[in-house]
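All chains should be built: construct the whole structure from the sequences, respecting the hints.
Each chain is listed here by its residues.
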Amino acid sequence: MALKQEDTAGQANFERIIAKDSRVEPKDWMPEAYRRTLVRQISQHAHSEIIGMQPEANWITRAPSLKRKSILMAKVQDEAGHGLYLYSAAETLGTTRDDMMDALVAGKARYSSIFNYPAVTWADMGAIGWMVDGAAICNQVPLCRASYGPYGRAMVRVCKEESFHQRQGFEILLELANGTPEQRTMAQDAVNRWYAPSLMMFGPPDDDSPNSRQSMAWNIKRFSNDELRSRFVGMLVEQVKVLGLSLPDEYISVNEDSNKWEHGPLDWEEFKEVLAGRGPCNAQRLERRRSAHDDGAWVREAAAVYAQKQAVKNAQKAAAST
Amino acid sequence: MSAQEFAGSSTPAAGDGAHRWPLWEVFVRSNRGLSHVHAGSLHAPDAAMALRNARDLYTRRNEGVSIWVVPADAIAASDPDAKGSFFESPQGKDYRHATYYTKSEGVKHL
Amino acid sequence: MQPSAKLGDASASATRITPGNALRPEDIALAARHGAAKASEDVAQYALRLGDDALILAQRLAHWISRAPELEEDVALGNIALDQLGHARSFLTYAGSSWGKSEDELAYFRREQEFRCAHLFEQPNGDFAATIARQFIAANYQFPLYRGLTQSSDPMLAAIAAKAVKEVDYHLDHSTQWVLRLAGGTEESRRRMVAGLDLMWPFTGELFQDDALTARLGDAGVLPSSLRAEFDRATGEVLAEAEVDIPASSMASGGGRHGRHSEHLGYLLAEMQVLAREYPGASW
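So the protein lines, in turn, are chains W, X and L.
Residue 216 in numbering that gives the first Met the number 0 sits at position 217 of the first sequence; the count goes up by one each step and never skips.
Residue 54 in numbering that gives the first Met the number 0 sits at position 55 of the second sequence; the count goes up by one each step and never skips.
Residue 114 in numbering that gives the first Met the number 0 sits at position 115 of the third sequence; the count goes up by one each step and never skips.
Careful, some of the hints might be misleading.
Only pairs whose alpha carbons sit at most 16 Å apart, straight line, appear in this in silico EDC-like list of lysine to aspartate or glutamate [claimed, not checked]:
{"hint": "1", "chain 1": "W", "residue 1": "K66", "chain 2": "W", "residue 2": "E170"}
{"hint": "2", "chain 1": "W", "residue 1": "K240", "chain 2": "W", "residue 2": "E174"}
{"hint": "3", "chain 1": "W", "residue 1": "K3", "chain 2": "W", "residue 2": "E31"}
{"hint": "4", "chain 1": "W", "residue 1": "K259", "chain 2": "W", "residue 2": "D225"}
{"hint": "5", "chain 1": "W", "residue 1": "K259", "chain 2": "W", "residue 2": "E237"}
{"hint": "6", "chain 1": "W", "residue 1": "K19", "chain 2": "W", "residue 2": "D6"}
{"hint": "7", "chain 1": "W", "residue 1": "K259", "chain 2": "W", "residue 2": "E226"}
{"hint": "8", "chain 1": "L", "residue 1": "K100", "chain 2": "L", "residue 2": "E113"}
{"hint": "9", "chain 1": "W", "residue 1": "K240", "chain 2": "W", "residue 2": "E170"}
{"hint": "10", "chain 1": "W", "residue 1": "K308", "chain 2": "L", "residue 2": "E186"}
{"hint": "11", "chain 1": "L", "residue 1": "K100", "chain 2": "L", "residue 2": "E25"}
{"hint": "12", "chain 1": "W", "residue 1": "K259", "chain 2": "W", "residue 2": "D205"}
{"hint": "13", "chain 1": "W", "residue 1": "K66", "chain 2": "L", "residue 2": "E104"}
{"hint": "14", "chain 1": "W", "residue 1": "K66", "chain 2": "W", "residue 2": "E174"}
{"hint": "15", "chain 1": "W", "residue 1": "K271", "chain 2": "W", "residue 2": "D207"}
{"hint": "16", "chain 1": "W", "residue 1": "K26", "chain 2": "X", "residue 2": "D72"}
{"hint": "17", "chain 1": "W", "residue 1": "K107", "chain 2": "W", "residue 2": "E286"}
{"hint": "18", "chain 1": "W", "residue 1": "K66", "chain 2": "L", "residue 2": "E25"}
{"hint": "19", "chain 1": "W", "residue 1": "K159", "chain 2": "X", "residue 2": "E62"}
{"hint": "20", "chain 1": "L", "residue 1": "K37", "chain 2": "L", "residue 2": "E25"}
{"hint": "21", "chain 1": "W", "residue 1": "K312", "chain 2": "L", "residue 2": "E113"}
{"hint": "22", "chain 1": "W", "residue 1": "K308", "chain 2": "L", "residue 2": "E113"}
{"hint": "23", "chain 1": "W", "residue 1": "K26", "chain 2": "X", "residue 2": "E62"}
{"hint": "24", "chain 1": "L", "residue 1": "K100", "chain 2": "L", "residue 2": "E40"}
{"hint": "25", "chain 1": "W", "residue 1": "K26", "chain 2": "W", "residue 2": "D6"}
{"hint": "26", "chain 1": "W", "residue 1": "K308", "chain 2": "L", "residue 2": "E242"}
Derived coverage of chain L by chain W (criterion: at least 3 residues anywhere in the stretch with Cβ under 8 Å from a Cβ of chain W; other residues may be distant) [as the list claims (entries may be wrong)]:
{"hint": "27", "segment": "61–74"}
{"hint": "28", "segment": "84–93"}
{"hint": "29", "segment": "179–185"}
Sample of chain W residues facing chain L (criterion: CB under 10 Å; computed from the structure) [as the list claims (entries may be wrong)]:
{"hint": "30", "residue": "I59"}
{"hint": "31", "residue": "K66"}
{"hint": "32", "residue": "V104"}
{"hint": "33", "residue": "G295"}
{"hint": "34", "residue": "A296"}
These are calculated hints, taken from the structure and not from any lab test.
Where is the CB? At the ideal position from N, CA and C, for every residue including glycine.
In structure tokens, the structure reads:
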């Protein structure tokens, strides 16, 4: 397919930007596939923040101390904010938030499969903060340098704000691990349940991740799934010692050739099932988002109509005074 | 652009009759003496709510002492495709910069 | 009571706490532990009322997070809930200083009849309009209350109020903006807003009832009945702009200040307290 002349110039300019490791900005010419990849990735990321509010929001009303209640509320609220930053970044690519939201509530959009697991005890608030946010941060820090400017800038803000998320989770577990025997059991149980899903947050193994190579060539992704996963395992290994808990993986070791951390086998069949919508909480999470969206429709409409009425009123006032 | 035109630019969603809230760009002044800097964007039905949403979203951690919100539609931007020629003129005009004047180097208070 | 140096400047007088001082519940707890801040029995009972109002309201508002009409509103309601929770923690911590109890002991291990919140705050969220109506009443009550309380002869109450009044000022603005928009938006939103106000208005009466405790407090507290005129004026102005009649009924039996609550509170407490009570004595 022959490119139009302006497209050829645009393509050349785009390639120069990528080669220089500079940043692509919203109004620049970009290949359609690059735009599509970004929209998909950024909107999935935004959806993950929004759906990811739910497992934790479920515990705000039951948090066992007022301090923990404040912290958890602030954290879940941050996640709404992060979703907003990311939707804004995606909007600069010419898709609207409404379209993205519609796709989400229609079950047509993906989000991180981990949020389809239930948060059944208070210790899950610790494990989610420590491992799920920990994995997210591993993923996100390199994204601050993503080649698409608005995405990178959104990630900078997200990473800054999330620094407390992982710590508060770690401290919840630390408190439990040093608490009563029941609390300690609760903590270990949560670590056991969230370990494998958090490792799978980095996505399928490199040889089964068709989009990764292109994303890396475009400087969207900076490190491969397996590379990031290995680094994450290395961090967990050290941190779990401080907790005095253990990771449910007897195969963790450092590969002597590559000097990288390795872990036991992960159940990628389960991953695919959950991603395909057949996880323990998929229906519940979508239903909650859908009902919030639908129940809020009259409010959004009312505010928009009010704004229009006020604008007409102001215009009439201005006309009358001249 | 008047508020009326702007409010009018929000289009109802297909099917569900919902009214879309327009997009606003948010600029935050982090401290007195500094310029407002672009912080991000958000959706709001009107300017009053946009300011409040911006306060809640972009200054939760003492990031600002003043906020501007601007309808995203109201921003006129230079054309990136014309980048080469639009920003060509300053190139090569070294004499606009103090570093161009080497003979006076070392003279005090100059 | 002698406030500790932690609260203000090195000369250690709580009266020097500037209104701009961001007083945290942890500061109050520290002062209480060192015996530097101990509420009198009456002041503690009064702080308990204000703290319970804020705590129960925060618990209600928290439920909106992840369910609000728009994501921006998730964040806004989250901020308001966090503010209220902060006020609750300060008031409860201070109240607890009188009895050697922590904020958590008061929040999680009192029975329903021992709570001192007014019925308004216990009311379920309902739809967004009902929540806004409750916010509108709550903020119009709390704002003049805290403003008055900044002049309290009790320095700690004054300090807590100084932080709280600025935050509630914003809650007032938030609820006002939404009352205007919902009342002046679509037919449906107007119907819902009017219904929400009708639903919540009967619980305003209780907020302004004086009793023996508020009479005894004198300059330390704010006489509830003294807030009524300001409440009527401020809410009246907004409702007039919204072209909504002030709901007729503003009398409700109340009793929250003396431990007689609505049917709703028990469920709310059951949820709020369940985990803490499953593991009594545990630290979190």
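Evaluated hints:
1. Taken as a hint, the W/K66 and W/E170 pair is honoured in the structure, with Cα atoms around 13 Å apart against an allowance of 16 Å.
2. Between W/K240 and W/E174, the direct Cα distance comes to roughly 14 Å. Compliance with the 16 Å bound is thereby established for this hinted pair.
3. A distance of roughly 14 Å separates the Cα atoms of W/K3 and W/E31; the hinted pair therefore holds under the 16 Å criterion.
4. Under the criterion of a C-alpha separation no larger than 16 Å, the hint pairing W/K259 with W/D225 is consistent with the structure, at around 10 Å.
5. Taken as a hint, the W/K259 and W/E237 pair is honoured in the structure, with Cα atoms around 14 Å apart against an allowance of 16 Å.
6. Restraint check: the Cα-Cα separation between W/K19 and W/D6 comes to about 20 Å, which exceeds 16 Å; the hinted pair is violated.
7. Of the supplied pair hints, the one linking W/K259 and W/E226 holds, its CA atoms being roughly 8 Å apart against a limit of 16 Å.
8. Between L/K100 and L/E113 the alpha-carbon distance is near 14 Å, which keeps this suggested pair within the 16 Å criterion.
9. The suggested pairing of W/K240 with W/E170 holds, with an alpha-carbon distance near 13 Å, which does not exceed 16 Å.
10. The hinted pair formed by W/K308 and L/E186 meets the criterion: a straight-line CA distance of about 13 Å does not exceed 16 Å.
11. Distance check on the hinted pair: L/K100 and L/E25 sit about 14 Å apart at the alpha-carbon level, within 16 Å; holds.
12. Between the alpha carbons of W/K259 and W/D205 the distance comes to roughly 15 Å, so the proposed pair stays at or under 16 Å and holds.
13. For a cut-off of 16 Å, the pair hint linking W/K66 to L/E104 stands: about 12 Å separates their Cα positions.
14. Simply put, W/K66 and W/E174 have alpha-carbon atoms about 13 Å apart, close enough for the 16 Å limit, and the pair holds.
15. Our distance criterion of 16 Å between C-alpha atoms is met by W/K271 and W/D207, whose separation comes to about 12 Å.
16. Between W/K26 and X/D72 the alpha-carbon distance is near 14 Å, which keeps this suggested pair within the 16 Å criterion.
17. Pair hint W/K107 plus W/E286 holds up; C-alpha atoms about 13 Å apart against a cutoff of 16 Å.
18. Distance restraint check for W/K66 and L/E25: the Cα-Cα separation of roughly 10 Å lies within the 16 Å cut-off, and the hinted pair is therefore satisfied.
19. Between W/K159 and X/E62 the alpha-carbon distance is near 12 Å, which keeps this suggested pair within the 16 Å criterion.
20. A distance of roughly 14 Å separates the Cα atoms of L/K37 and L/E25; the hinted pair therefore holds under the 16 Å criterion.
21. For the hint pairing W/K312 with L/E113, the CA-to-CA distance comes to about 52 Å; that exceeds 16 Å, so the pair is violated.
22. At most 16 Å may separate the alpha-carbon atoms for a hinted pair to count; W/K308 and L/E113 exceed this at roughly 48 Å.
23. Annotation: proposed proximity of W/K26 to X/E62 is violated, straight-line Cα distance about 28 Å (limit 16 Å).
24. Taking the CA atoms of L/K100 and L/E40, the gap is about 13 Å. The hint holds against a cut of 16 Å.
25. Proximity of W/K26 to W/D6 is assessed by CA-CA distance (about 13 Å); at most 16 Å being required, the pair is judged to hold.
26. Taken as a hint, the W/K308 and L/E242 pair is honoured in the structure, with Cα atoms around 14 Å apart against an allowance of 16 Å.
27. Judged by the Cβ-Cβ criterion of 8 Å, the segment 61–74 of chain L is covered by chain W as claimed, because 13 of its residues qualify and three suffice.
28. Requiring three or more residues with a Cβ within less than 8 Å of a Cβ of chain W, the coverage given for the segment 84–93 of chain L holds, as 5 such residues are present.
29. Here the segment 179–185 of chain L counts 6 residues with a CB under 8 Å from a CB of chain W, which clears the bar of 3, and the coverage holds.
30. With 10 Å as the threshold, the beta carbon of W/I59 comes within range of chain L, its nearest partner Cβ sitting at about 5 Å, so the hint holds.
31. With 10 Å as the threshold, the beta carbon of W/K66 comes within range of chain L, its nearest partner Cβ sitting at about 8 Å, so the hint holds.
32. Hint status for W/V104: violated, given a least beta-carbon distance of 13 Å to chain L, over 10 Å.
33. For W/G295, the shortest C-beta to C-beta distance to chain L is roughly 3 Å, which falls under 10 Å, so the interface hint holds.
34. With its C-beta approaching chain L no nearer than about 8 Å, W/A296 sits inside the 10 Å limit, and its interface hint holds.
Figure legend: structure checked against the earlier numbered hints; hints not met, in rising order: 6, 21, 22, 23 and 32.
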